[in-house]
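From first to last, the protein sequence lines are chains X and Y.
Per the working numbering, residue 230 is the first one in the first sequence, and the count goes up by one each step.
Per the working numbering, residue 2 is the first one in the second sequence, and the count goes up by one each step.
Mixed in with the good hints, there may be bad ones.
[Stated by the list, open to error] With the Cβ distance kept under 7 Å, some of the chain X side facing chain Y (calculated, not the full set):
{"#": "1", "residue": "331"}
{"#": "2", "residue": "332"}
{"#": "3", "residue": "373"}
{"#": "4", "residue": "376"}
[What the hints assert, rightly or not] Listed next, with one range per pair, are the computed distances between beta-carbon atoms:
{"#": "5", "chain 1": "Y", "residue 1": "181", "chain 2": "X", "residue 2": "427", "range": "27 to 33 Å"}
{"#": "6", "chain 1": "X", "residue 1": "441", "chain 2": "Y", "residue 2": "67", "range": "30 to 36 Å"}
{"#": "7", "chain 1": "Y", "residue 1": "78", "chain 2": "X", "residue 2": "427", "range": "40 to 46 Å"}
{"#": "8", "chain 1": "Y", "residue 1": "76", "chain 2": "X", "residue 2": "424", "range": "48 to 54 Å"}
{"#": "9", "chain 1": "X", "residue 1": "494", "chain 2": "Y", "residue 2": "47", "range": "32 to 38 Å"}
{"#": "10", "chain 1": "Y", "residue 1": "47", "chain 2": "X", "residue 2": "441", "range": "55 to 61 Å"}
{"#": "11", "chain 1": "Y", "residue 1": "78", "chain 2": "X", "residue 2": "364", "range": "46 to 52 Å"}
{"#": "12", "chain 1": "X", "residue 1": "265", "chain 2": "Y", "residue 2": "118", "range": "49 to 55 Å"}
{"#": "13", "chain 1": "X", "residue 1": "483", "chain 2": "Y", "residue 2": "64", "range": "28 to 34 Å"}
{"#": "14", "chain 1": "Y", "residue 1": "122", "chain 2": "X", "residue 2": "427", "range": "58 to 64 Å"}
{"#": "15", "chain 1": "X", "residue 1": "279", "chain 2": "Y", "residue 2": "181", "range": "48 to 54 Å"}
{"#": "16", "chain 1": "Y", "residue 1": "136", "chain 2": "X", "residue 2": "267", "range": "42 to 48 Å"}
{"#": "17", "chain 1": "Y", "residue 1": "94", "chain 2": "X", "residue 2": "267", "range": "20 to 26 Å"}
{"#": "18", "chain 1": "X", "residue 1": "427", "chain 2": "Y", "residue 2": "147", "range": "43 to 49 Å"}
What the hints contain is simulated information worked out from the structure, not anything from laboratory work.
Built from N, CA and C at the ideal position, the CB exists for glycine as well.
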Amino acid sequence: MSAPTAAPATGTTTGPFTAAADLSRLVVRDLRRDLRLLDGLIVNTALPVMIMVLFVYVFGGAITTGSSGLDYVDFVVPAVLLMSGGYGASLTAVTISDDMTGGMIDRFRTLPISGWVVPAGHVVASVVRNLASSAIALGAALVLGFRPDATLAEWALVLALVTGYVLAMSALAAVWGLLVSSSQAAGAFSFVVLFLPYVSDGIVPAQTMPGVLSDFAYNQPLTPIIETMRALLLDLPMGSSGAVAAAWLTGTVVLCVPAAALLFRRRTSSR
Amino acid sequence: MNVIHSKAFTDAISARGLTKSFGATPVLTGVDLTVPTGSLLALLGPNGSGKTTTVRILTTLLAPDGGTATVAGHDVTRESAQVRRAIGLTSQQATVDPLLTGRENLELFAGLYHLGRRQARRRAEELLQRFDLADAAGRRAGTYSGGMRRRLDLAASMVSAPRILFLDEPTTGLDPRSRAELWSVIRELLGSGTTILLTTQYLEEADQLADRVVVINGGRVVADDSPDALKRQVGAERLVLRPALPGDLPRAGAALPGSHPDAEAGELTLALQGPDHLRHTLDVLHRAGVPLDRVELRAPTMDDVFFELTAAAA
Numbered sequence: 230m231s232a233p234t235a236a237p238a239t240g241t242t243t244g245p246f247t248a249a250a251d252l253s254r255l256v257v258r259d260l261r262r263d264l265r266l267l268d269g270l271i272v273n274t275a276l277p278v279m280i281m282v283l284f285v286y287v288f289g290g291a292i293t294t295g296s297s298g299l300d301y302v303d304f305v306v307p308a309v310l311l312m313s314g315g316y317g318a319s320l321t322a323v324t325i326s327d328d329m330t331g332g333m334i335d336r337f338r339t340l341p342i343s344g345w346v347v348p349a350g351h352v353v354a355s356v357v358r359n360l361a362s363s364a365i366a367l368g369a370a371l372v373l374g375f376r377p378d379a380t381l382a383e384w385a386l387v388l389a390l391v392t393g394y395v396l397a398m399s400a401l402a403a404v405w406g407l408l409v410s411s412s413q414a415a416g417a418f419s420f421v422v423l424f425l426p427y428v429s430d431g432i433v434p435a436q437t438m439p440g441v442l443s444d445f446a447y448n449q450p451l452t453p454i455i456e457t458m459r460a461l462l463l464d465l466p467m468g469s470s471g472a473v474a475a476a477w478l479t480g481t482v483v484l485c486v487p488a489a490a491l492l493f494r495r496r497t498s499s500r
Numbered sequence: 002m003n004v005i006h007s008k009a010f011t012d013a014i015s016a017r018g019l020t021k022s023f024g025a026t027p028v029l030t031g032v033d034l035t036v037p038t039g040s041l042l043a044l045l046g047p048n049g050s051g052k053t054t055t056v057r058i059l060t061t062l063l064a065p066d067g068g069t070a071t072v073a074g075h076d077v078t079r080e081s082a083q084v085r086r087a088i089g090l091t092s093q094q095a096t097v098d099p100l101l102t103g104r105e106n107l108e109l110f111a112g113l114y115h116l117g118r119r120q121a122r123r124r125a126e127e128l129l130q131r132f133d134l135a136d137a138a139g140r141r142a143g144t145y146s147g148g149m150r151r152r153l154d155l156a157a158s159m160v161s162a163p164r165i166l167f168l169d170e171p172t173t174g175l176d177p178r179s180r181a182e183l184w185s186v187i188r189e190l191l192g193s194g195t196t197i198l199l200t201t202q203y204l205e206e207a208d209q210l211a212d213r214v215v216v217i218n219g220g221r222v223v224a225d226d227s228p229d230a231l232k233r234q235v236g237a238e239r240l241v242l243r244p245a246l247p248g249d250l251p252r253a254g255a256a257l258p259g260s261h262p263d264a265e266a267g268e269l270t271l272a273l274q275g276p277d278h279l280r281h282t283l284d285v286l287h288r289a290g291v292p293l294d295r296v297e298l299r300a301p302t303m304d305d306v307f308f309e310l311t312a313a314a315a
């Protein structure tokens, strides 16, 4: 054992650059964790492929795409892309809850960092991780015969939409993870996220559903997001769905980010 | 004014009348303690006595309902940022990431203390050496043994080279060997000038490490003294003798004035005045022809102190 060295110069400022550097350290921590959790890695890589195969080959043959006249693989790809990214995003609730209920949060709280970077780190890492999941799903779709017809600008908009969806779901999951007091309860959120695409226009045409369900399907956020993605990928008319999708996603992020910050502060306040 | 200043320099930690309730349940009902700079104070008490609550208040993680506390000369409620900069905390739960390696954990925390990349790496390496974790540095913390994990926790608390260290039950659940290793690490930290407040349920641990022991029970301080002074409170060591034949007990008792025969246990107890007294006692019994089955020397332990004090408080 050596004598202790002089106290290192610990920075005291928490300016925007420091906070950004802290955030990137926490994102790297999260992504490292992801690569080491075998089950998480399977969820993020194999699940998108499995969902894509399941819908295209197992359900696809029995489902007609109604008045759209699309091949089922083309019809279902947007929904599967969202499911692939969304499920992983919903698990952000569990990772945040684990940090809050274990001893880690005490360590973070005694560090000279802004508190909000802790949940923000999980959300940003979730976006990176789940965009990768969606990309894997897209790769699987191309192998299974998905033939998109989109320009570079349209691809950029699709990327923006999927990013927006994963971000919104991660932020919503963060809020949920901070509200509940156990990781089991935090895990329940993924059920909602997995369920939502089924009652949208994404997997079967909503016009085939009974009244109440089709009303729900047309008015829930996934339908306009999926329709916008179809319009962009398959060069179809978009109508108002682009604006509605953007409003849903922006609204969710704008509400959830400050809510998460507030909840985090409340959970970690010394009262 | 001078008095206040000099106190801030000599006492690293000072708490007066700390109270805290969770809902209707009072957890602390008035805790006073003082830890002079460079010393180790053991906060000794059973489960639920308020040890952890006290540590959480002193480390700014919990606000007290009443009372005041200063750490490194800063008020824990009004100047929490300054307090946090001066302290390190090892809490009961693991405060390292089990999926990261020992080195990655320390580098992460060094980075979050805003050391440069190279400096963070050097600091991590230094701590791994210092806490005898160099061989396990590349393994995930989740694979560490209990003792190694505690040492990594401790290393993580030392990343910022704090002057004041809080250790909340650092050796709970460790095997005797790991506990001894951790004790030697704690002694080294103390030797290098770190002020330490340590909570423990182990009386022996307080006895081994502490300059001063505060015994806490039911949210209040029931004793505040040096380990030796507390031991003195229960008096001299006791010698317990068991004659091989129970019938010899009265004769042995008569041969040893001041002893207390206990017919039911078949034992004889007397306060021992020193090593010569022990030899003398055994000589007397030998001459009296009383064969012995067992001789036990019972040192006055912190247990004796503890049970006496907490029984009085209950």
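Hint check results:
With 7 Å as the threshold, the beta carbon of residue 331 (chain X) comes within range of chain Y, its nearest partner Cβ sitting at about 6 Å, so the hint holds. A distance limit of 7 Å between C-beta atoms decides the matter here; for residue 332 (chain X) the minimum to chain Y is near 3 Å, and the interface restraint holds. Restraint check, residue 373 (chain X) versus chain Y: the minimum CB separation of about 34 Å is more than 7 Å; hint violated. Residue-level restraint check for residue 376 (chain X) is violated (minimum Cβ-Cβ distance to chain Y is 40 Å; threshold 7 Å).
About 59 Å separates the C-beta atoms of residue 181 (chain Y) and residue 427 (chain X), a value inconsistent with the hinted range of 27 to 33 Å. Distance hint check: the CB atoms of residue 441 (chain X) and residue 67 (chain Y) are about 57 Å apart, inconsistent with the given range 30 to 36 Å. Taking 40 to 46 Å as the suggested C-beta distance range, the pair residue 78 (chain Y) and residue 427 (chain X) does not conform, at roughly 51 Å. In this structure, residue 76 (chain Y) and residue 424 (chain X) meet the distance hint of 48 to 54 Å, their C-beta atoms being roughly 51 Å apart.
Between residue 494 (chain X) and residue 47 (chain Y) the beta carbon distance is about 34 Å. The supplied range of 32 to 38 Å therefore holds. Restraint check, residue 47 (chain Y) to residue 441 (chain X): a C-beta distance of roughly 59 Å satisfies the suggested window 55 to 61 Å. As the Cβ distance of residue 78 (chain Y) to residue 364 (chain X) is approximately 49 Å, the hint placing it in 46 to 52 Å holds. The hint said 49 to 55 Å for the Cβ distance between residue 265 (chain X) and residue 118 (chain Y), and at roughly 22 Å that hint is violated.
Checked against the hint of 28 to 34 Å, the pair residue 483 (chain X) and residue 64 (chain Y) passes, with Cβ atoms roughly 32 Å apart. About 49 Å separates the C-beta atoms of residue 122 (chain Y) and residue 427 (chain X), a value inconsistent with the hinted range of 58 to 64 Å. Between residue 279 (chain X) and residue 181 (chain Y) the beta carbons are some 52 Å apart, a value that agrees with the proposed interval 48 to 54 Å. For residue 136 (chain Y) and residue 267 (chain X), the hinted distance range of 42 to 48 Å is not satisfied, since their beta carbons lie about 25 Å from each other.
Taking 20 to 26 Å as the suggested C-beta distance range, the pair residue 94 (chain Y) and residue 267 (chain X) conforms, at roughly 24 Å. Separated by about 46 Å at the C-beta atoms, residue 427 (chain X) and residue 147 (chain Y) satisfy the suggested range of 43 to 49 Å.
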